[in-house]
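Protein chains: 2
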Amino acid sequence: MTAYFCERALLPEGWEEDVLIDVTDGVIERVGIALTAEKEATVLAGLVIPGMANAHSHAFHRALRARTHALGGSFWTWRDLMYETAIKLTPDSYYELAVAVFAEMLEAGFTAVGEFHYLHHQADGTPYSEPNTMAQRVVDAANHVGIRITLLDTVFLHGGLDPDGYRPLSGNQLRFGDRTVERYLDRTSQLNLEGLSKVGTAIHSIRAVDPESIAVVGSALDRPTHAHLSEQPDENTQCLAAHNGTPTEVFHEAGVLSQSFTAVHATHPTPHDISLLGDSGASVCLCPTTERDLADGVGPASELKRAGARLCVGSDSHAVIDPFEEMRAIEMHERLTSHQRGVFHSADLITAASLDGYAAIGWQGGGRIAVGAPADLVCLGLGSNRLAGADRSLPDDAVVFSAGAGDVTDVVVAGRHLVSEGSHRSVATGEALDRAIQALFR
Amino acid sequence: MTAYFCERALLPEGWEEDVLIDVTDGVIERVGIALTAEKEATVLAGLVIPGMANAHSHAFHRALRARTHALGGSFWTWRDLMYETAIKLTPDSYYELAVAVFAEMLEAGFTAVGEFHYLHHQADGTPYSEPNTMAQRVVDAANHVGIRITLLDTVFLHGGLDPDGYRPLSGNQLRFGDRTVERYLDRTSQLNLEGLSKVGTAIHSIRAVDPESIAVVGSALDRPTHAHLSEQPDENTQCLAAHNGTPTEVFHEAGVLSQSFTAVHATHPTPHDISLLGDSGASVCLCPTTERDLADGVGPASELKRAGARLCVGSDSHAVIDPFEEMRAIEMHERLTSHQRGVFHSADLITAASLDGYAAIGWQGGGRIAVGAPADLVCLGLGSNRLAGADRSLPDDAVVFSAGAGDVTDVVVAGRHLVSEGSHRSVATGEALDRAIQALFR
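In order, the protein sequences belong to chains A and B.
Each position in the first sequence, counted from 1, maps to that position plus 1432 in my numbering.
Each position in the second sequence, counted from 1, maps to that position plus 1432 in my numbering.
Quick caveat, the hints were computed from the structure, so don't treat them as lab data.
Hints are not guaranteed to be accurate.
Each pair may be met inside one copy or between any two copies, as identical chains are not told apart.
Here are the simulated SDA-like pairs of lysine to any residue, each with C-alpha atoms no more than 20 Å apart in a straight line [to be verified]: (1) 1630 - 1673; (2) 1520 - 1474; (3) 1520 - 1553; (4) 1630 - 1870; (5) 1737 - 1504.
Only a predicted model underlies this, so the values are computations on that prediction, with no experimental measurement involved.
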């Protein structure tokens, strides 16, 4: 048994002081309040919150941070640069990069990641002799670092959507595709993960998967299913021209909108789309630091929430890896467009990042500090200039409006104390990032 | 003589390696390139950029960080909370708070501050026996910390603008006002600062100063002049109803738009306002982290720049104190509204924060690493997760798109090495902030 003693911890009922958390087999066995620290307990000083889920990640995009701006353009020109990086990765180089990126996430307070994975095959599209080699190396990287992972295995069949139909995959896209939905189902059925790893489904987008294949995948697989949805206005235009409906309408007609579905972005939905997403109980994964970096626009976050959608967050392209910045940006972007403050309660934004993020990637009941939940904890120190002067009676607001990734001192996943004093205890994260990224651009 | 040896430094011509900077009497006397470190030189490892100016600060607003969100509302409800804090400050408590806030700025890489100061009198409006007591204590705080300061001494005469005229000051506003423009001119003429401190003028806003008084102040004083301008749509509406012109038009007619004028915010200007600001060669101080926090909206930054206005940055309400986040947010907010990436060059954003910020607060020729300039330097370490993997050939982009205040290792002002290893060498900043802020809310 392991034990953690928290000065202050955010329980489902609210903040409590002097909280003793007993852990057995990676699960919280007991939560005691107003206790004194047992001798063997590890003391977590500051504010302890539940582990947070990075519900939308493309780990390799991290290599592009601050390397695509001088060239300007739009989302679509950025995508070409991203494809050029994708084509360079091998199982070994992706393993090295993913170790570093997952360690960066962990040090920032993300204890679980939904990895939207589509780098399946060799650069020309030829499968590896072991067809899930790339996926397995990404999962190995997560296991090495200790972060919880849902490998969202992506179906990606087409190279784009024209009014008269789909273009074939070509060039740098070839390695993403399984060619047919049957081959995708065959490959993905061979991925068996356990422990801190599980498999989910990703349907890349309406640009890359036709409605019939969406329906087939949706009915064949009973697991968390994610899709990019209306990130760009052009995606809507293309979909309307080809399918006479919005992307959300097409996904709805294909039968995949449900409580186990997560729409990623949903930046440009129609009012009808918002109703469909809300009525189905789907999740919407907001990625505000990426959405601003890629000039996507500001999505209707508060309308989606009011309609019934559950919100969660992802750092997506990893222009920034900081769960606090994601939570804060949801509110800040809403303020910029609505001219109203306090649209979201801080407590709800923390729930989005933790409990609802965990649920969206298939770890129901995780992302909270309660008996029976996975023992995933994040401790924020209060010593930084950012947090100095915080109101002790408003810890939620301090977490959301003042904190940053740099304030994370300790991270625990499945009871294991992986990060202390802000650093991963076995990975030299900064050096690992620099080595892996510089190697790609040499 | 003091000397600094920089691994890489941003000179007016671009980035150079192995740069030796000799300093005499606080001024850069020599800049040598591709040299080896002299024995006596202090080595600055990483990226050295010119000192940056926080061209719009209300130091005491820092006390409100993360304390006003739960209450929601708008800019105007936030303002009531801010007034409640303003009324509490005494010369001593403001000195303690300002020391801490200026130290936070310095550690974040701001080497100069334009302090838009309006807490002139006692809480009921009675002048202190020494009428510039509060201003002097704020300047003393800056001098104690070592940051360069321009005290923008503010004229604030009225309590608001109705269609039929100005309301008198009342309640929490009483301490801001000198009652008449003549008394303001008399008081401000007694403020004599030297060394790293100088005086400028602030005209609070069209809500607080009538057009006649704006004209009197503008013609009486030959020094940098700042004003809040069109931060909120309501301000425009009130001004149009009362004066039959926009705030910018009224300031133009009062004769104050010029190269020594800085419009703060300019979030909601008309096309005509943009032309007036651009044609006059005025500066526009953008405060994007505050503008999003206060739900002001996104201003037309790129249009203002194209029209001829010089841009600079300020952290204003200090919801965030981070010059890198301000620079980045100018581009990010533009992306969110324009759907285009790379609207601003990174180099231009650094110039806005350094050279143009210094000019806007009256330190012409500062904010650059060149012979004859004040020896104000900021060094960014490259060891953090944020900056790991940066492209060595794109240092401007690394500074603007990856860096954060936490990456600042060393800060030099007027040749004095004030911050090393990220911490002020004589102020315990976090503790000072916490002590000063908690005392206000006890």
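A quick look at each hint next to the structure:
no.	hint	verdict
1	1630 - 1673	neither (37 Å within a copy, 63 Å between copies)
2	1520 - 1474	neither (43 Å within a copy, 41 Å between copies)
3	1520 - 1553	within (12 Å within a copy, 65 Å between copies)
4	1630 - 1870	neither (30 Å within a copy, 46 Å between copies)
5	1737 - 1504	between (33 Å within a copy, 17 Å between copies)
Going down the numbered hints, you'll see the structure goes against 1, 2 and 4, while the others check out.
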